[in-house]
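Chemist: If you want our numbering, it's the 1-based position in the sequence shown plus 218.
If you're looking for bench data, these hints aren't it; they were derived computationally from the structure. There may be inaccurate statements among the hints.
To be verified - Here are the simulated SDA-like cross-link-like pairs (lysine to any residue), alpha carbons at most 25 angstroms apart as the crow flies: (1) K366 to G606; (2) K239 to I513; (3) K535 to G380; (4) K448 to Q543; (5) K569 to A509; (6) K535 to Q473; (7) K569 to L608; (8) K569 to Q473; (9) K416 to N381; (10) K535 to G298; (11) K448 to I371; (12) K448 to Q473; (13) K569 to L546; (14) K448 to A509; (15) K506 to I516; (16) K239 to N590; (17) K416 to F397; (18) K448 to S364; (19) K448 to K569; (20) K569 to L542; (21) K448 to I516; (22) K448 to N381; (23) K535 to K569.
As the list claims (entries may be wrong) - Label-pair ranges, simulated between beta-carbon atoms: (24) P252 to D399: 25 to 33 angstroms; (25) Q473 to L566: 15 to 23 angstroms; (26) I231 to Y253: 16 to 24 angstroms; (27) Q379 to A540: 33 to 41 angstroms.
All C-beta atoms, glycine included, are put in the ideal place defined by N, C-alpha and C.
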Amino acid sequence: MTENKSIPKVSFISIFITFFKLGLTAFGGPAMIPYIRVEVVDRKGWMAEEEFSAGTALAQIVPGATAMQVAAWAGLCTRGLAGSFFAYLGFALPAFTMICALSAAYIYFDNISVIESMFGGLKAVVTALIAHAAINFSVQYLGRISAKIMAFIVGCWLAFQGNPIMILVIMCIASIFIFTDITGCPPRKQSNVTTSLKGPLMLVAGLLTTLAVLYITSNTYFPLVFTMVKVDLFAFGGGYVSLPIMLHEVVHIHQWVSQSVFMDGIALGQITPGPVVMTAAFIGYIFKGIAGATIATISIFAPSFIIINLVAPFYDKLRSSALLQRALFGSLITLVGLMAAMSGQFLLTIKPQFSDIFILITAFILLRRGVNIVLVVPGCAVLSLIFGMLL
Numbered sequence: 219m220t221e222n223k224s225i226p227k228v229s230f231i232s233i234f235i236t237f238f239k240l241g242l243t244a245f246g247g248p249a250m251i252p253y254i255r256v257e258v259v260d261r262k263g264w265m266a267e268e269e270f271s272a273g274t275a276l277a278q279i280v281p282g283a284t285a286m287q288v289a290a291w292a293g294l295c296t297r298g299l300a301g302s303f304f305a306y307l308g309f310a311l312p313a314f315t316m317i318c319a320l321s322a323a324y325i326y327f328d329n330i331s332v333i334e335s336m337f338g339g340l341k342a343v344v345t346a347l348i349a350h351a352a353i354n355f356s357v358q359y360l361g362r363i364s365a366k367i368m369a370f371i372v373g374c375w376l377a378f379q380g381n382p383i384m385i386l387v388i389m390c391i392a393s394i395f396i397f398t399d400i401t402g403c404p405p406r407k408q409s410n411v412t413t414s415l416k417g418p419l420m421l422v423a424g425l426l427t428t429l430a431v432l433y434i435t436s437n438t439y440f441p442l443v444f445t446m447v448k449v450d451l452f453a454f455g456g457g458y459v460s461l462p463i464m465l466h467e468v469v470h471i472h473q474w475v476s477q478s479v480f481m482d483g484i485a486l487g488q489i490t491p492g493p494v495v496m497t498a499a500f501i502g503y504i505f506k507g508i509a510g511a512t513i514a515t516i517s518i519f520a521p522s523f524i525i526i527n528l529v530a531p532f533y534d535k536l537r538s539s540a541l542l543q544r545a546l547f548g549s550l551i552t553l554v555g556l557m558a559a560m561s562g563q564f565l566l567t568i569k570p571q572f573s574d575i576f577i578l579i580t581a582f583i584l585l586r587r588g589v590n591i592v593l594v595v596p597g598c599a600v601l602s603l604i605f606g607m608l609l
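Between the sequences and the hints, there should be enough to build the whole structure, so can you do that?
Modeler: Printed below as a string of structure tokens:
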């Protein structure tokens, strides 16, 4: 926990309420980070600017949704592991509640033609969104010829339904030897985080014990829990990288939902606040109702929550490690290839009819021109409903 005697002890309720309010408007994933900073640094004064910047940098090194990890870091610096938990819970709860309500409505209204038409349009929006994100990431990370080649190889791998985790590991290892010019960042003069490792290590033991018990007892929930844990552990680079991995696991491996339904889940996740990995709650709801949604959500967030609390004291060493920085760069290159391939797969599912193609093109143009996704998704949903009633 951060040692700062000028800041009064903050209650857990205050931490929870603060991040719950932030979670209500947490659209855009990493775009929420500046709002978190304003709240905990400027308004509340819970932590110093240097501490917050360190947490933002660490959140980009470890797996998991970036905004969620920054929330966990802020809670950790304020009141230790328990503070981290209440910040995490408060930030995720609004999105979880909304996605469960929408999942229930999705199942109830499944056979109504107008609603089906709306989701047809939303699939086009999701395709445009993934393509838009892939382009943005490619501009940011594919400046080198070697990076472009690696991303192309990854895209081909996923296009032929190769395992995304396997290619992620291969590319991270290859990057260590290819990008030898990438060096670690210089450490800070003094690290402010002195949290105990006892709590995070107990959580690691608890997670492993839970997985072992579920496996030994052949529990129905074991495949769901193990799948979501695995997705989160390899989600380096933020929430978006989890989507191709989740697609491969839940659609191609376990066949819990079709690719079309998976796209509907992403669409629901985009009209609610919170990280895109909240799609896991939708998958869990389809799998086993509200219990499945709860278990899937805990499983998709638990590993990254544990990791950021576990590695916090070693932030400077991680940041200054050239090998880790190269491997991270490799994971970001992989992300581009995976997302490009996934957008291609999604494009093939779009019906060749005027309404869906029009919405696809419109959504893509609006996103490329910088229109906020909070406006694009609901706007295209309404447009889909209009097309459904007229055509």
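Chemist: Hinted pair, alpha-carbon criterion (25 angstroms max): K535, G380. Please report holds or violated.
Modeler: Outside the cut-off at roughly 34 angstroms; violated.
Chemist: Holds or violated: K569 with Q473, Cα cutoff 25 angstroms?
Modeler: holds, 22 angstroms
Chemist: Does the structure keep K239 and I513 at a Cα separation of 25 angstroms or less?
Modeler: The hint holds at about 23 angstroms.
Chemist: Within a Cα-Cα threshold of 25 angstroms, do K448 and Q473 meet the stated pairing?
Modeler: holds, 16 angstroms
Chemist: Please work out if K416 and F397 have their alpha carbons no farther apart than 25 angstroms.
Modeler: violated, 36 angstroms
Chemist: Tell me if the straight-line CA distance from K448 to S364 falls inside 25 angstroms.
Modeler: violated, 28 angstroms
Chemist: Within a Cα-Cα threshold of 25 angstroms, do K239 and N590 meet the stated pairing?
Modeler: holds, 20 angstroms
Chemist: Does K448 pair with I371 here, judged by a C-alpha cut-off of 25 angstroms?
Modeler: holds, 23 angstroms
Chemist: Take a quick look at whether K569 and A509 sit within 25 angstroms of each other, Cα to Cα.
Modeler: violated, 34 angstroms
Chemist: Is it true that the CA of K569 sits at most 25 angstroms from the CA of L546?
Modeler: Since the Cα atoms of K569 and L546 sit roughly 37 angstroms apart, the hinted pair is violated (cutoff 25 angstroms).
Chemist: Hint says 15 to 23 angstroms; check whether the CB-CB distance for Q473 and L566 agrees.
Modeler: Hint holds: Cβ distance 18 angstroms, inside 15 to 23 angstroms.
Chemist: Below or equal to 25 angstroms on CA atoms is what counts here, so check K416 against N381.
Modeler: Violated, at about 35 angstroms.
Hint compliance for this structure: hints 1, 3, 5, 6, 9, 13, 17, 18, 19, 20, 23 are broken, all remaining hints hold.
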